[in-house]
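Residue numbers (the numbering used here), protein chains in the order written: chain A, 1 to 334; chain B, 1001 to 1396; chain C, 2001 to 2526; chain D, 3001 to 3329; chain E, 4001 to 4318.
Some hints could be false.
[To be verified] A few chain C residues facing chain E, derived, Cβ under 10 Å:
no. : residue
1   : Ile2152
2   : Trp2153
3   : Asp2155
4   : Glu2157
5   : Asn2210
6   : Gln2211
7   : Leu2214
8   : Ile2229
9   : Pro2230
10  : Thr2235
11  : Gly2237
12  : Thr2292
13  : Thr2357
14  : Gly2358
15  : Ala2365
16  : Glu2384
Hints were generated in silico from the structure; no laboratory data involved. Glycine residues also receive a C-beta, built at the ideal position from the N, C-alpha and C atoms.
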Amino acid sequence: MSVLQVKGLVKDFALRTGGRRRLLRAVDELSFELTAGTTVALVGESGSGKSTVARMLAQLVRPSAGTISLDGEPIRTRGRGLRRYREDVQMVFQDPFGSLNPFHTVDHHLRRPLRVHRRAENRADEDRQIERLLERVNLTPAAVVAAKRPHELSGGQRQRVAIARALAPAPRVLLADEPVSMLDVSIRLEILNLIDRLKQEDALAVLYITHDLATARHFSRRIMVMYRGELVESGDADDVILRPRHPYTRLLAAAAPDPNRRLGVDGATVAPPTVPRPGPVEPQVAAVADQASGCRFRARCPAAMAACAARPPLLPVADGHDVRCWLYRDGTDS
Amino acid sequence: MITDDPESSRSTPPPMRGPAEAERARAESAELDGADPVLPEAERGTPVLTVRGLSVHYETDQRVRAVEDVDLTLHRGEVLGLAGESGCGKSTLAYALNRLLRPPARVVSGSVTFHERDGDIDLLGLSGEELRLFRWKKIAMVFQGAMNALNPVLTVRDQLLDVLAAHEPDMAVPARTARCAELLDLVGVDPARLGSYPHELSGGMRQRVMIAMALALRPDVMVMDEPTTALDVVVQRDILRELSRLREHFGFAVVFITHDLSLLLEISDRIAIMYAGRIVEQASARRLLTAPRHPYTVGLLNSFPSLTGPRREMRGVPGQPPDLAVSIPGCAFAPRCPYRRAPCDEHRPELSRHGQTSTGLTACHAYAEADYGAPVPAALSRGEFRPVETAEEIET
Amino acid sequence: AGAPEPGSPARSITAYTGATGQLTANFNPYILSSNQPGRGIIYETLMFLNRARADEPLPRLAEEYDWNDDGTAITFRLREGVQWTDGEPFTSADVVFTFELMQEHEALNTSSLPIESVEAAGDAEVTITFSRPAYTDLWTIASDTFIVPEHIWSDVEDPVTFGNAEPVGTGAFALESFSAQSYELTANEEYWDEGKPHLDSIRFVSHSGNQSALSALTAGQIDWASIFIPDIENTYGSRAEGNHYEVTPVYISTLGANLDEGPTSDLAVRQAIYRGIDRDQVNELNYDGLSTPATPGMLMLPREERFLAEELEGVVPTHEPDEARRILQDAGYTEGADGVFVSPDGEPLSIEVKVVTGYTDQIAALDVMRQQLAEVGIDLQPREVSFASFVADRDNGDFELVIDNLYGGVTPFTLYEDFYSSAAAPPIGQPAAKNFARFRSDVVDEALEEVAATEDEEAHAEAYARIQSEIAEQLPYIPILQSMALTQFAGAKVTGFPTADDPYALPMTHSSPDLGIVAANLRPAG
Amino acid sequence: MNYLRRKLLFYLIAVWAAITINFLIPRLMPGSPVDALLGRLQQAGGAVSAEARASLEVMLGHGGQGGLWEQYVGYLGNLLRGDFGISSTYFPTEVSTILGAALPWTLVLVGLCTCLSFALGVTLGMVVGWRRGSRLDHLVPIATFLAAVPYFWLALVLVFLFGSTLRLLPLTGGYEYGTTVGFNWAFIGSALYHALLPAITIVLSSVGGWLLGMRNMMVSTMGEDYVLTAEAKGLRPRRIMITYAARNAVIPSIAGFAISLGFVVSGSIVTEVVFSYPGIGFTLLQAVQNNDYPLMQAVFLVITLTVLGANLLVDLLYAVIDPRTRQAG
Amino acid sequence: MAGVEKRRTASSVDTAAVPVPRGPGRARRPRGGGLLRDVKLRTGLGIVGCFALIGLVGPFLVTDVGAIGNAVLRPPSAEHWLGTTQTGQDVFGQLVTATRGSLIVGLVVGLLATVLSVLVGVVGGYLGGRVDEGLSLVSNVVLVIPSLPLVILITNYLDGAGILTIALIISITSWAASARVLRAQTLSVRTRDYVAAARAMGERTWRVVFVEILPNLLPVIASQFVFAIIFAILTEAGLSFLGLGGIDYLTWGTMLYFAQNAQALTVGAWWWFVPPGLSIALVGVGLSLINFSFDELINPRLRAPGVPRRPRTRRRQA
Ligand SMILES: Nc1ncnc2c1ncn2[C@@H]1O[C@H](COP(=O)(O)OP(=O)(O)OP(=O)(O)O)[C@@H](O)[C@H]1O
Ligand SMILES: Nc1ncnc2c1ncn2[C@@H]1O[C@H](COP(=O)(O)OP(=O)(O)OP(=O)(O)O)[C@@H](O)[C@H]1O
Ligand SMILES: [Mg+2]
Ligand SMILES: [Mg+2]
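Here chain A stands alone, though its shape is the one from the complex (with noise of 0.2 Å):
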């Protein structure tokens, strides 16, 4: 049962270099749809738009073009009903130091949301609400949590707060932009299995953002890969990770770090196809007329050819795995 359609979007953001503007496609005609009690991760390097789907998706950022719908209604983007829509579709960022307001006590930051979407009767009722709202996020003893700020929390909290506040106006929609790269590995496993336990309960639908393809691998059902605003290889989690089709996606793979591979140890079960080292490109992201014609990743490609100079469309390759890539215009692996 899919909550949230995204089709077509596509954002534009205007730059000015050398006094002229130009516009630049963070996210190119991006379509996908998130479902009750399912994850989908979203990955791709460091600019490739994934935010920039999370906060338009939040209503942070206006879509220059698609269409966002939920409940298979099209979206509000004012007025009560984006109040109503900002109710069941909640964020969590990256940056647990800077998503929590320093001045600004923990109460404030879980009591702020029940208050705009009036989710409590009375004071006595938010102070449960809160309570109970810190209790899931294994923040206890409760009073103590709700009257400190955020500096006076390690990463690994401040981050349950922010989670909590995102789970305060019982959404059915969570969008974790990166929520734990900012964390010390050894708290991170933590937050997503945290997550991970409260989609069950409340059966969301999570966007799990991020560029880590293990964690994105272990978390999700379904993985989207983007390359530069373009959806370049998407399908369900295993078979994304270890049969990676697209180029990009393999060389992503091979560049994950993964002790198994090197030791040989713990029997991994299918090494994934090494590409030969790219060129030093580094990542960014091209202007629409740059954009224009072909395949963006063609200049990196170790597979380039002739027909990437036009820009290849999204291609199954099996069931529900989609490739934009020509290698497989039969529709199989070749």
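Got chain A sorted already, so can you dock chains B, C, D and E with the ligands onto it with the hints?
Okay, now just chains B, C, D and E with the ligands, sitting in the frame of chain A:
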């Protein structure tokens, strides 16, 4: 106290990569100008840097014991990984190695010795001009954010030249410039970029420039403090590859600091795990991965899923690291440790080799039956980490 | 500058005329913003009328003058052998040119001399004809009109804005060099007055104001200046050997009342104020005790003593607080709870005094008087306004009291005519030229007419006496003190300056044409 | 270069704004400056011609003729011709003549002192920041005090001490009275000698600000990784201090320098008054004291334009010092 | 007076240079109590508090300060603590009264300029776009136009203005630098995730600005408020000294003006000339000290190193 790890001091470092990759690296290193000396085979594995009982405190209102009683030996040509939670003292240790600490940091005890062919240098005893000339020439350093480590108002060339001017004043100016170009070329950056300012370079390029700078004087040791944390995985991979290629060629030893254990496991020969200012486990990368000893190491290994391996249930290490301003009589990890027993709270476990069969060093009572009052828990030997509690109690 | 080698008599001195800021090379004697020495040192007048004592007119460029019978024409016999500093001879043509210039350009004729015609009779005689008797204008004609050379000025396009950077005059000194900070005049070798001047040169300098001038003066960098110095005996007089200062009465400071409107239109109020002020205290506190009492007859004493009405002889305003209260009570004022009198109309006797912001001596004096008058039940409210609005408010009659100084001329006539004639008192709202109190009195008007029509001093004295008794009764301008100008001379370096014993001219550096007379008389000391 | 173009555009706007403010102030203020001025002119030197009145009205507003717009155009026209009108204080001298004579003094004194004080402050700040914790830290409270002391007060106290009491330095003026103004050694030497006390005042009272600002930035910058890197590189301390720490730490000070130029001129007004220095600040005060509106306005405009010009220069310099501005702008 | 102005511009104009207080993991934000332990702050507050007290109650304690006496220009004595003026007025009494005047100017300017700069800087910075472009152009222009000459010009037209008018004029010409800094700070706070979070949660714009953003700018605003006070007191003193001060209140500047006019220094009456100047300087120092504490709050690196007493032999590079 055990001072050395016989396993790694004896053997040559294991190959860093799978066979295919190694071959490619060898082919690449052939591209490097052949005139450069490569570390003589005989010298590989001899100690180059020894740290003994080093303690560094931040003398603020409350004394922060950032590094406590650390023993480490770095061998020529090896990669020593240093991992641990944020704030456990990794950077402090790295800075201490290069005498970069500033007040309120102070080395309260211990020694750092640099071993040269013709004698040892007491690093903590150096000062003034001696210290200046020692730096970079023997130990170079690559910092986390290259954007911040490069002076934003000087061109890449100027910053490279600075190193040469400071250490090789006799070198002719044109030769220096030529050398700069050479260095950039070495790390895979177009020498045309010499005239660029740092902000004109991408993150990966900046990091490469930093590495080029670190290489400028052919140091024996390179300390890298989270050199790739801010970078994209693909770029990170590139840089690491570059690094191992250069290391293969020049034979410098690397102290690699990161909290990304999976990365360390992949690239280091030996790994030291730090917790709350102390080293709690030290072993070869392989041993650490296959048979972690310390519960904290076990917990860390449980903290990241394998990219390609089977799915398994994983928990992180719940709880928070201790406040370093508070002196802890027992094991600092005890409050978070699922295998904790009474002695853990009372005596600090020594970093030692436990039993004849084991390799590496561990600071854990569980391996000293006499202290622990029980045999090594089976779950621990299996590498299981079952957190005591998941809820985080926050003290009032 | 000017600091001489010890022992050698200074043949050069430095003087300060009060010029502030940048100097401009403007020596047009008709423009008041021009440099002072242009009026008196470089350019000279026909005669010199001494305002420091009742002297006979002193011949300058003219040796003598004659009025015709009705005072409508004056004939000057010019001095012969006088040369302009460029070597051209001075002739009657120059005098004719000068007066015709004034006749032609209203802007130059600042005293509105009613010139009808100017005629020369030969090289050495000039007759000026007026449209009315001009006895009272003698000061302007003879002692305040500076003769300029025709051979240069006839080419000047617009004499009103002519800067005259390279003045050519007949005076004792001629301009030698000029810069924005100072200029130097050197002795005119060909000066007509044999043996004068005694000095080689005089340098005139500019300062930012009294403070810096005073610093320079005490440091011995200025030898002749006229600046107010508090506690002058200690700050200057005894500071260095020979330091000398002159105290010269120059004007009468008054509280000008609005006679047409407001509380001060009531004579009783004016009289109460007149008696409520303790002038000795004001003098001590504000003027170092250097000022002298003013006469209610508003004459400059002692110079005009001969005109003082008999009944006013020896009369000076006195501090009579009880009398002041009595006057108010008699006039129907009652004392309010706060000690301030309330008028019969129920208005408390609170009077605003306007004063120019920054005139600190006046502000301080008002402070003193405020307290003195509070004791007699009058609430004085000083209000500072800018100079521009002060002038506008005063002239338009928008005030209750103002503190202002009354300057006169060489005879009492000027002051009386300026401030007390009905003709000078337009209705409220229209700017008054001088008589801002708007005093109107037939007695005064008549007496003034009589004075203007005759040269006879006896008649003058009689008419002036009438005026004095009238204004001493009416008190449109309540006299406070006769105020002094201070002039400092570095006696160690220069002598020959006018003194109280020999006031041959006003000693101030800013009085014209006196400074020319003084400059020519100064001689190196020792 | 784009940065340059944008800066130029901004300064054009600023110049326009200054000119317009200058035009508007008399028109927005109560009272009629024209009358006040005419009154003064009359006082100063007789009647004023009809054209003079008309031109003053255009200068100062409250003109009877023409709408505001016409007056504005007339005013701009006058400015373009360099016609600021006639000063009443110095009647009948053209305002432009007076400005021409005053400006060089201020430019030299204030300009040099400002640069000197900036250089000194920044250098001291650099060293104090670098040696934080050493005895040099005592400079900080001194600097704080100096920065808080009123300019003119300090000036007067100095005049009193050095000029009147000790007689070490000349009290007032821009040069020895007797010297001829021009390029001769006597004059230049005397001008320098006379500039000493004002210069000391300006430097003393402004150096503290620079010192504190630079010190703070220095301390911040020294915590930057690139300074640490430089130290790790084994560079000579001097090199680290200057090229790594100070080069970066000075950047905000330079930006501040541009803006503070305006304040410096303000400060100099008072200094010039105290020292009878023949500069523009003193001229402004003269104008104010004499209600000399044309002169006042012209001085304001000249000060503003000078400051804007200097700002522009500093901005351009800034682009040289900080390579990052050049690109991003 | 340029001295302090420069201090401001040099230390705080560069927007990038002043990091917004953020809670970097372990850096503890000093709480009220900790802040008060700071010697600088305590000294500063002490000085300023003293003067504030004097300004508040002092004028009620001294008798009519205009009261003249026949003891003229007397040096300090038991009767006249700071001697008398040329007209025998008590200098101490005047100083006390003037404290109120100067502080009023300082406070009014501090408040007005701060409000203006917050409005222009924060609102512009947050809203962005055209509004921001317009506002920042205005503030940049105001910033480069030298203020004192402008103030002189305006006060001269408004003759006989009171100190409130003068304070208003000083405020109008002095808010720009603060606005610029605040704008930059706002721009940087605006990109913080907690602002986005507040928006994503559904908070209204004004709430985001005033409840989420503004409190985090408080140290900066406070520092600018304090600075504006110093600036105002100095500027007012300068204006008064030039004879353009307010005429309704006695201020330190007016006192100096009168003292100067009476040539107090020349006649040796230092007790008349020195105290007002010193008062200004003292208040300035006090406020600067407070400001330093704010600076240190904003930029923790400025805090003194923890071990100032230890002989530092080794840590420093040669
Ligand atoms: N407000 C904006 N104005 C202009 N460009 C923007 C804006 N926000 C994002 N971009 C650009 O859009 C592209 C995508 O940015 P986005 O933050 O979505 O990437 P990301 O995948 O989340 O990267 P990261 O992994 O670094 O968070 C980037 O090139 C970025 O520079
Ligand atoms: N200047 C300082 N003053 C006081 N304490 C400090 C200071 N710098 C660091 N510390 C403390 O010292 C401890 C060790 O810090 P260090 O930077 O060495 O940790 P780290 O392991 O490098 O952490 P990270 O992974 O976050 O870089 C931390 O607890 C930190 O709070
Ligand atoms: Mg992102
Ligand atoms: Mg670190």
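Hint-by-hint comparison with the structure:
{"no.": "1", "hint": "Ile2152", "verdict": "39 Å, violated"}
{"no.": "2", "hint": "Trp2153", "verdict": "37 Å, violated"}
{"no.": "3", "hint": "Asp2155", "verdict": "40 Å, violated"}
{"no.": "4", "hint": "Glu2157", "verdict": "34 Å, violated"}
{"no.": "5", "hint": "Asn2210", "verdict": "7 Å, holds"}
{"no.": "6", "hint": "Gln2211", "verdict": "6 Å, holds"}
{"no.": "7", "hint": "Leu2214", "verdict": "6 Å, holds"}
{"no.": "8", "hint": "Ile2229", "verdict": "7 Å, holds"}
{"no.": "9", "hint": "Pro2230", "verdict": "5 Å, holds"}
{"no.": "10", "hint": "Thr2235", "verdict": "5 Å, holds"}
{"no.": "11", "hint": "Gly2237", "verdict": "13 Å, violated"}
{"no.": "12", "hint": "Thr2292", "verdict": "19 Å, violated"}
{"no.": "13", "hint": "Thr2357", "verdict": "6 Å, holds"}
{"no.": "14", "hint": "Gly2358", "verdict": "4 Å, holds"}
{"no.": "15", "hint": "Ala2365", "verdict": "8 Å, holds"}
{"no.": "16", "hint": "Glu2384", "verdict": "4 Å, holds"}
Checked against the numbered hints listed earlier, the structure breaks hints 1, 2, 3, 4, 11 and 12; every other hint is satisfied.
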